[in-house]
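With chain A's structure known, arrange chain B on it following the hints.
Sequences listed follow chains A and B, in order.
To convert, note that position 14 of the first sequence is 14 in the working numbering; the numbers rise steadily by one, no gaps.
To convert, note that position 93 of the second sequence is 93 in the working numbering; the numbers rise steadily by one, no gaps.
Just so you know, the hints here were simulated from the structure itself, not pulled from any lab data.
In this text, a Cβ means the ideal position worked out from N, Cα and C, and glycines have one as well.
Please note: incorrect hints may appear among the correct ones.
Under 8 Å between C-beta atoms, here's a sample of chain B residues computed to sit facing chain A [stated by the list, open to error]:
1) 31
2) 33
3) 45
4) 48
5) 50
6) 56
7) 91
8) 97
9) 103
10) 104
11) 107
12) 109
Covered by chain B, according to a simulated footprint, are these stretches of chain A (three or more residues, beta-carbon under 8 Å) [what the hints assert, rightly or not]:
13) 36-47
14) 98-109
Distance condition first, Cα-Cα at most 20 Å in a straight line; then the derived SDA-like pairs of lysine to any residue [claimed, not checked]:
15) A:69 - A:30
16) A:99 - B:55
17) B:57 - B:97
18) A:99 - B:50
19) A:70 - A:47
20) B:15 - B:61
21) A:99 - B:97
22) A:99 - A:48
23) A:56 - A:44
24) A:99 - B:61
25) A:26 - B:58
26) A:99 - B:96
27) B:11 - A:41
28) B:57 - B:74
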Amino acid sequence: SQQGEEDPQALSIQEGENATMNCSYKTSINNLQWYRQNSGRGLVHLILIRSNEREKHSGRLRVTLDTSKKSSSLLITASRAADTASYFCATRRGGATNKLIFGTGTLLAVQP
Amino acid sequence: GAGVSQSPSNKVTEKGKDVELRCDPISGHTALYWYRQSLGQGLEFLIYFQGNSAPDKSGLPSDRFSAERTGGSVSTLTIQRTQQEDSAVYLCASSLVLGRGGELFFGEGSRLTVL
Numbered sequence: 001s002q003q004g005e006e007d008p009q010a011l012s013i014q015e016g017e018n019a020t021m022n023c024s025y026k027t028s029i030n031n032l033q034w035y036r037q038n039s040g041r042g043l044v045h046l047i048l049i050r051s052n053e054r055e056k057h058s059g060r061l062r063v064t065l066d067t068s069k070k071s072s073s074l075l076i077t078a079s080r081a082a083d084t085a086s087y088f089c090a091t092r093r094g095g096a097t098n099k100l101i102f103g104t105g106t107l108l109a110v111q112p
Numbered sequence: 001g002a003g004v005s006q007s008p009s010n011k012v013t014e015k016g017k018d019v020e021l022r023c024d025p026i027s028g029h030t031a032l033y034w035y036r037q038s039l040g041q042g043l044e045f046l047i048y049f050q051g052n053s054a055p056d057k058s059g060l061p062s063d064r065f066s067a068e069r070t071g072g073s074v075s076t077l078t079i080q081r082t083q084q085e086d087s088a089v090y091l092c093a094s095s096l097v098l099g100r101g102g103e104l105f106f107g108e109g110s111r112l113t114v115l
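Here chain A stands alone, though its shape is the one from the complex (with noise of 0.2 Å):
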């Protein structure tokens, strides 16, 4: 089963208006991921938080993780166009394993 689970499962939005989607997931992590996917692409990282930080900005993205409620959300501001895409959160557990488990992913429609 997946580590991960994205809310909403699908946005749709205005050019230039806010995009928030969360993340939330079962077990202790180390750290938490963010992934984009254009249709039909691989995907390209945007943004990593580790569990002791709290909050992290990347441009016009805002990463927040809350340890206790096992949740990150991830916000795009003033969303584009081509901020179009399935987006993903990844986390990477603690102890011996590196394996990085994906969620089920948002997929942003911004309408122009």
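What follows is chain B alone, placed relative to chain A:
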């Protein structure tokens, strides 16, 4: 090359045939992952190689699936006696585990269609 390279990009095969999918990771990356993505779905972990350690095969769905990584570089995912439910995009990724948090660099995938 500069990125992760996968081949073939598309493969159509008949049910019952064996297929091999190849992944050429970024030079120097010690970790290599295989994932499977069915249409419109998330990524399903298959197998993970890390240096000379025993691979983590916990995601392989059946004994028809196997993978090897030769010389710590190129990896081949083999599916024997393919079934229609094996149809999916198979994604390979590599990473520097000890550097930069271990983010993955993905190839463009191999799309497998089993008729």
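Evaluation of the provided hints:
1. The closest approach between the C-beta of residue 31 (chain B) and any C-beta of chain A is roughly 6 Å, which is under the 8 Å cut-off, so the hint is satisfied.
2. The criterion of a C-beta within 8 Å of any C-beta in chain A is met by residue 33 (chain B), whose closest approach is roughly 7 Å, and the hint holds.
3. Because the smallest distance between the Cβ of residue 45 (chain B) and any Cβ of chain A comes to about 6 Å, under 8 Å, the interface hint for this residue holds.
4. Hint status for residue 48 (chain B) relative to chain A: holds, with the closest Cβ pair at about 5 Å, below 8 Å.
5. Residue-level restraint check for residue 50 (chain B) holds (minimum Cβ-Cβ distance to chain A is 6 Å; threshold 8 Å).
6. The restraint placing residue 56 (chain B) at the interface with chain A holds, with a minimum CB-CB distance near 6 Å, inside the 8 Å limit.
7. About 6 Å separates the beta-carbon of residue 91 (chain B) from the nearest beta-carbon of chain A, less than 8 Å, and the hint is met.
8. Evaluation of the residue 97 (chain B) hint against chain A yields a held restraint, the C-beta minimum of about 5 Å falling below 8 Å.
9. Interface hint at residue 103 (chain B): satisfied, since its Cβ lies 4 Å from the closest Cβ of chain A, which is below the 8 Å cut-off.
10. A hinted interface residue such as residue 104 (chain B) counts as satisfied when its beta carbon comes closer than 8 Å to some beta carbon of chain A; here the least separation is about 6 Å, so the hint holds.
11. Given hint, residue 107 (chain B) at the interface with chain A, holds; its Cβ is 5 Å from that chain's nearest Cβ, closer than 8 Å.
12. With a cut of 8 Å, the hint placing residue 109 (chain B) at the interface with chain A holds, because the nearest CB-to-CB distance is about 6 Å.
13. Taking a C-beta to C-beta cut-off of 8 Å, the region 36-47 of chain A contributes 5 residues in contact with chain B, enough for the three needed, and the coverage statement holds.
14. For the region 98-109 of chain A, the proposed coverage by chain B is satisfied: 8 residues have a C-beta within less than 8 Å of a C-beta in that chain, meeting the threshold of three.
15. Distance restraint check for residue 69 (chain A) and residue 30 (chain A): the Cα-Cα separation of roughly 15 Å lies within the 20 Å cut-off, and the hinted pair is therefore satisfied.
16. For the hint linking residue 99 (chain A) to residue 55 (chain B), the alpha-carbon distance of about 10 Å falls within 20 Å, and the restraint holds.
17. Pair hint residue 57 (chain B) plus residue 97 (chain B) holds up; C-alpha atoms about 18 Å apart against a cutoff of 20 Å.
18. The straight-line distance between the Cα atoms of residue 99 (chain A) and residue 50 (chain B) is roughly 10 Å, inside the 20 Å bound, and the hint therefore holds.
19. Between residue 70 (chain A) and residue 47 (chain A) the CA atoms are separated by roughly 18 Å; this keeps the pair inside 20 Å, and the hint holds.
20. Taking the CA atoms of residue 15 (chain B) and residue 61 (chain B), the gap is about 17 Å. The hint holds against a cut of 20 Å.
21. A C-alpha spacing of about 10 Å is found between residue 99 (chain A) and residue 97 (chain B), which places the hinted pair at or below 20 Å, so the restraint holds.
22. Using a Cα cut-off of 20 Å, the hinted pair residue 99 (chain A) and residue 48 (chain A) holds, with the two alpha carbons roughly 15 Å apart.
23. Among the hinted pairs, residue 56 (chain A) with residue 44 (chain A) is consistent with the structure: their alpha-carbon atoms are about 18 Å apart, no more than 20 Å.
24. For the hint pairing residue 99 (chain A) with residue 61 (chain B), the CA-to-CA distance comes to about 16 Å; that is within 20 Å, so the pair holds.
25. Annotation: proposed proximity of residue 26 (chain A) to residue 58 (chain B) holds, straight-line Cα distance about 18 Å (limit 20 Å).
26. Distance check on the hinted pair: residue 99 (chain A) and residue 96 (chain B) sit about 13 Å apart at the alpha-carbon level, within 20 Å; holds.
27. Among the hinted pairs, residue 11 (chain B) with residue 41 (chain A) is consistent with the structure: their alpha-carbon atoms are about 16 Å apart, no more than 20 Å.
28. Pair hint residue 57 (chain B) plus residue 74 (chain B) holds up; C-alpha atoms about 17 Å apart against a cutoff of 20 Å.
Of the numbered hints given earlier, the model fails none.
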